[in-house]
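> Chains as they are written, first to last, in our numbering: chain X, 1 to 337; chain S, 1001 to 1239.
Keep in mind the hints are simulated off the structure, nothing from the lab. Just so you know, not all the hints are guaranteed correct.
[Stated by the list, open to error] Pairs of lysine-lysine residues, derived as DSBU-like cross-links and limited to a Cα-Cα distance of at most 30 Å, are as follows:
{"hint": "1", "chain 1": "S", "residue 1": "Lys1009", "chain 2": "S", "residue 2": "Lys1202"}
{"hint": "2", "chain 1": "S", "residue 1": "Lys1043", "chain 2": "X", "residue 2": "Lys278"}
{"hint": "3", "chain 1": "X", "residue 1": "Lys324", "chain 2": "S", "residue 2": "Lys1043"}
{"hint": "4", "chain 1": "X", "residue 1": "Lys87", "chain 2": "S", "residue 2": "Lys1088"}
{"hint": "5", "chain 1": "S", "residue 1": "Lys1043", "chain 2": "X", "residue 2": "Lys327"}
{"hint": "6", "chain 1": "X", "residue 1": "Lys210", "chain 2": "X", "residue 2": "Lys150"}
{"hint": "7", "chain 1": "S", "residue 1": "Lys1223", "chain 2": "X", "residue 2": "Lys53"}
{"hint": "8", "chain 1": "X", "residue 1": "Lys111", "chain 2": "X", "residue 2": "Lys252"}
{"hint": "9", "chain 1": "X", "residue 1": "Lys330", "chain 2": "S", "residue 2": "Lys1043"}
{"hint": "10", "chain 1": "S", "residue 1": "Lys1202", "chain 2": "X", "residue 2": "Lys327"}
{"hint": "11", "chain 1": "X", "residue 1": "Lys275", "chain 2": "X", "residue 2": "Lys86"}
{"hint": "12", "chain 1": "X", "residue 1": "Lys187", "chain 2": "X", "residue 2": "Lys252"}
{"hint": "13", "chain 1": "X", "residue 1": "Lys324", "chain 2": "S", "residue 2": "Lys1223"}
{"hint": "14", "chain 1": "X", "residue 1": "Lys77", "chain 2": "S", "residue 2": "Lys1088"}
{"hint": "15", "chain 1": "X", "residue 1": "Lys187", "chain 2": "S", "residue 2": "Lys1043"}
{"hint": "16", "chain 1": "X", "residue 1": "Lys324", "chain 2": "S", "residue 2": "Lys1088"}
{"hint": "17", "chain 1": "X", "residue 1": "Lys86", "chain 2": "S", "residue 2": "Lys1202"}
[Stated by the list, open to error] To spell it out: a stretch of chain X is covered by chain S in this simulated footprint if at least three of its residues, at any positions, have a beta carbon under 8 Å from a beta carbon of chain S; those stretches are:
{"hint": "18", "stretch": "78–85"}
{"hint": "19", "stretch": "266–274"}
Using N, Cα and C, we set each Cβ at its ideal position, and we do this for glycine too.
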Amino acid sequence: MADISRREFLKRGVLSGVTAGFVLSGAEKVAEASENVEPVGTFIDLTVCDGCKGQEVPSCVSACRTKNESRFPVPEKDIPNYWPQKKKEDWSDKKGLTTRLTPYNWTAVQKTKIEHEGREYQLNIPRRCMHCVNPPCAKVCPFSSQTVTKEGAVVINPETCLGGAKCRDVCPWGIPARQAGVGIYMKMAPDIAGGGVMYKCDLCIDRVKKGQKPACVEACPKGAIKFGSRDEMLKMAQNRARQIGGYIYGDKENGGTSTFYVSPVPFEKIDSALKKQKQKQPNPEAPGYPGMPVKVGSFLDTPNGLATGMLVAPIASVFAAGYKVYKTMKGEVDSDK
Amino acid sequence: MTNKVSNVKIERHSGIVRFIHWTVTISIFILIFTGIGQMPMYKRYMVDQIMGLTWSSNYTVTLMLHYLAASALISASLYHVIFHGFLKEFNLLPQRGDLKESYLIIKAILTKGQEPPSHKYLAEQRLAYAFIVLNIALTIITGVIKVLKNLPSWEFGNGLLYWTTMVHNAATFMIIFGIAAHLGAFIMKENRNLLPSMFTGKVDLGYVKHRHSLWFNELIKQKKINPQAADKVSFSSYR
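Could you put together the complete structure from these sequences and hints?
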């Protein structure tokens, strides 16, 4: 071993390195480039939306319900509790609820009065999935049941979703709503595992793929919800915010979203008002009544920050192994053979 | 009944090999626990209500631990592959006839018969090694893709991500099965003589002579043991 040549050392090094290095470099080869489809977005102008004053249910909410009715959950009659807990999430007896997000209501309009600079504003805020650019909900789904389409819509596959609700836990707005008694878990071991299926807005992706607008956009009588390319919507929102001396929401939140709100009132005040409203709800702890936390970070910020640091130990390990091998080959250290 | 041993020990695993083994062991246990936490399980089954485990349902904490343990596992795996690859130490890789030999060893243990002579590693150890390496490699490769897909700068196809997730989960369960089989092997008394080497690095020379006679002869050939001293050691099992 002691008389190993430099050439032999390098040869073996390359062979071992290729095998070991595949772990780090192989993934790069399988990365797929996205096709040239422009991401879409929406711009919701809160200076225009009046919550469809005079209507019992705002038009965007009705349109969303009509469009998606056929996809609403149809749970089995006897829904087991989430063993060992003595509870379950069953909204099937509240199908008519339109003032919050539920598995049967994927868009809701929050109405609030806020005072700002001596003036009282009546705000009507259509709420649904923000369709984030790097959505933690889709990224961390343990069964890859949530995906992002090339158009940028975040969609849930009800065929594979087990209803663990992790997507809701990592969503800063807690948007996805869970319905028990439905989905693949009912065919497995529903008494001990699984929670149902998560439901939320999918930006009417079937319509968008056909070149149509989402149902809520088309139904808005005031044109308060605009739809187009994400870049175009962001520009439109920024211009509008400048024009009214207002504020923009959704461009930075959760790492950036595809839904941009413009308001004459700072969103910190809106968030605070919504939180107060939530406390007055029949069940304040229940999800489906989102706030508007300003510049809220993404669940992925911390792990992504750690990802680069993770490379330090493996690289150090490669050098340490190489050094030990060199010493062993030179006969200075006994190998394990 | 206890085994009678020779009191003469021979090194089976160097310090670095034991360090890599225990790094892999500890990191895999952390990865399994935190990985199950990502499923999600601990809130549902109220594990987070057990004293000291409140953190278990915190996805940020479990994911950070998962990343750190993955870094340790990848480091140990790279060291293992480079070190033994360079030195051409392939005696843990499966050889032709290992399946049959493995069957004969287990049959001999169960029927109190004569085992075929073994090298440093038993045939079933070589098979188990290949099984565990394959599944660790799969979890590492898919795990790296899963880390990259969380970064905003990386874009993967949904099909690739789906299969990555499935393979990551399936390989994890294979590893759990492999660990159970690995530990289950020590139910057989014959295998327990190998246990000390994972802690002290050494095994009883009499045991080596008795069961790993091919390795024993190799050690004599390499002059790592004195032939006269080797003649004196003996190993009488409970059989």
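> It remains to establish, for every hint, whether it holds in the given structure.
Outcome of the hint check:
no. : hint                   : result
1   : S:Lys1009 to S:Lys1202 : holds, 6 Å
2   : S:Lys1043 to X:Lys278  : holds, 24 Å
3   : X:Lys324 to S:Lys1043  : violated, 45 Å
4   : X:Lys87 to S:Lys1088   : violated, 58 Å
5   : S:Lys1043 to X:Lys327  : violated, 50 Å
6   : X:Lys210 to X:Lys150   : holds, 14 Å
7   : S:Lys1223 to X:Lys53   : violated, 95 Å
8   : X:Lys111 to X:Lys252   : holds, 23 Å
9   : X:Lys330 to S:Lys1043  : violated, 54 Å
10  : S:Lys1202 to X:Lys327  : holds, 23 Å
11  : X:Lys275 to X:Lys86    : holds, 28 Å
12  : X:Lys187 to X:Lys252   : violated, 41 Å
13  : X:Lys324 to S:Lys1223  : holds, 24 Å
14  : X:Lys77 to S:Lys1088   : violated, 63 Å
15  : X:Lys187 to S:Lys1043  : holds, 23 Å
16  : X:Lys324 to S:Lys1088  : holds, 14 Å
17  : X:Lys86 to S:Lys1202   : violated, 53 Å
18  : 78–85                  : holds (count 3)
19  : 266–274                : violated (count 0)
The structure does not agree with the numbered hints 3, 4, 5, 7, 9, 12, 14, 17 and 19 stated previously, though it agrees with the rest.
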